[in-house]
Amino acid sequence: MAFGNAVYNALFRRTSTFALTAVLGGVVFERWYSSWSDSMWERINRGKLWKDIAHNYEEADE
Amino acid sequence: MYVRSLVRTLQRCRSLTAGGVPAAAFRGATAAVTTTRGAHTDLPVPDFSAYRNSYADKPNEASSRGELGKRAAAYMVLGGGLAAGMVPTKDAIVGLLSTMSPSADVLAMATIEVDLSAIPEGKNVVLKWQGKPLFVRHRTAEEIDAAKNVDLSTLRDPQADDARVQRDQWMILIGVCTHLGCVPIANAGEYGGYFCPCHGSHYDTSGRIRKGPAPLNLAVPKYKFETDTSLVVG
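Those protein sequences? They're chains A and W, same order as listed. With this note's numbering applied, the first sequence corresponds to residues 1 to 62, in that order. With this note's numbering applied, the second sequence corresponds to residues 1001 to 1234, in that order.
Read the hints as simulated data drawn from the structure, not as lab findings. Any given hint could be a false lead.
Unchecked claim - With the Cβ distance kept under 8 Å, some of the chain W side facing chain A (calculated, not the full set):
#, residue
1, L1068
2, A1073
3, G1079
4, G1080
5, L1082
6, M1086
7, V1087
8, A1118
9, P1120
10, G1122
11, K1224
12, F1225
A quick note: this is a predicted structure, and the numbers were derived from the prediction, not measured. Where a beta carbon is used, it is the ideal one built from N, C-alpha and C, also for glycine.
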């Protein structure tokens, strides 16, 4: 619980730092969420994306 | 043990409702009534340890050492919800604002690139830009001199030539007469600049109104020279 106390005293005790924590947390969350959803998209569409089939066409272009 | 204390409690209640009549009078009657006060010190304190937080399991110690952590956990939920909710909120606001920005086709029409090498000296080229005629004039040395050596106090809309051109040999104008919006004719009029045939406004080689009904100089659009031969208007 010492960690919880430290977090509470450092971040959540004041409304200003709590709001700042929420905003910065939102930035971090957005980065994580978009990279996670991108990786999910690529996992679902594996084999259909250009980066998966590009090697089939590289020599024809040259 | 519980049952016995329950019985005692019941007995006490009955003795009270009986109005303090000596219990011995009823002994052997409907129920075993006694005036014996139940001493509850024999009741065990129930064990709530299964329900207590680990930091609060000692009844004789202040729970404050774990209290903040408990609050932190609650605020963590609230703060996490705020942080996660901020992302769709931001996306919604950005999406809303982006509807106000011009689309790519509008932006493509908003600017025009002019190849200056195709315009010989002394010529005025008329282009269409944002639905309006755009004059690009390659001025000769005499025209530049004439435009520079004008007493500003004699002008209806006083403006120095230097304030209207970026490079002396190139005069960029919106070809709409400031009187009633006709398109002036280049290299005509008393001042060798532009002449509006509708009501006879004369403009000089800097596009300034010199004679006739028009109140203002021809407008100069925003432009910049990408290279020496490439001009971008808009």
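Original post:
Among the hints numbered above, which are violated by the structure, and what are their numbers in rising order?
Top reply: 8, 9, 10, 11, 12
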